[in-house]
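Position 92, counted from 1, in the sequence shown is what the numbering used here calls 354; the numbers after and before it change by one each time, with no gaps.
One or more hints might be untrue.
[To be verified] Pair by pair, the computed Cβ-Cβ distance ranges are: (1) Ser304 / Arg330: 33 to 43 Å; (2) Gly366 / Gly319: 23 to 33 Å; (3) Gly331 / Ala360: 39 to 49 Å; (4) Ala309 / Ala360: 41 to 51 Å; (5) Ala360 / Ser388: 40 to 50 Å.
Quick caveat, the hints were computed from the structure, so don't treat them as lab data.
Think of the CB as a built atom: it goes at the ideal place given N, C-alpha and C, for glycine as much as any other residue.
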Amino acid sequence: MMESDNRGRATSWGWALAAVALLGTANVGQFIISSPALMAGSPGRAAGSYLGEALFGALAGLGIATARGAANHLLPALMRGLSVLIALGSVLLVVVHAAAHVGGLRPTSVAVLALAALAVAWQTASVRDRLAAPRSGEAAEARPGVPIDSSD
Numbered sequence: 263m264m265e266s267d268n269r270g271r272a273t274s275w276g277w278a279l280a281a282v283a284l285l286g287t288a289n290v291g292q293f294i295i296s297s298p299a300l301m302a303g304s305p306g307r308a309a310g311s312y313l314g315e316a317l318f319g320a321l322a323g324l325g326i327a328t329a330r331g332a333a334n335h336l337l338p339a340l341m342r343g344l345s346v347l348i349a350l351g352s353v354l355l356v357v358v359h360a361a362a363h364v365g366g367l368r369p370t371s372v373a374v375l376a377l378a379a380l381a382v383a384w385q386t387a388s389v390r391d392r393l394a395a396p397r398s399g400e401a402a403e404a405r406p407g408v409p410i411d412s413s414d
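Can you make the complete structure from the sequences, with help from the hints?
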């Protein structure tokens, strides 16, 4: 019963992560589309925007993979690492815009979405970690789809 609860939670959190990351993707994408002159005239800003778009998209893909039940032991670490990278970049973007007295709501909204994605990714990864951990008294081999650590 506990395992099916965790599977259901992993599915729900995976879809939540995908939704938040897709909102981030849409926000950054809307900025790229609405600012063609800025994108053409400032390659550094364009590169940062395209990178943010790609990272949010990759995080959405990890959320979808989790929701669909992918049994990859690297997913939790990838979700955590990618969400930390996105959150750091977005918060730094807000700091840079605030220091220059420009930006306003757009960089702040991206940072809020990035921090929400960080929280949801962390929770999703934690649920996946609980799913992958063998229950007390259970042999690791009895868990299909969960990689077995052969180091011992």
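Cross-check of the supplied hints:
For Ser304 paired with Arg330, a C-beta distance near 38 Å keeps the hint of 33 to 43 Å intact. Gly366 and Gly319 have their C-beta atoms about 24 Å apart, which keeps the hinted 23 to 33 Å range intact. The supplied range of 39 to 49 Å is met by Gly331 and Ala360, whose beta-carbon atoms lie about 42 Å from each other. At about 21 Å, the CB distance of Ala309 to Ala360 disagrees with the hint of 41 to 51 Å.
Hint check: Ala360 to Ser388, Cβ distance near 32 Å, so the stated range 40 to 50 Å is violated.
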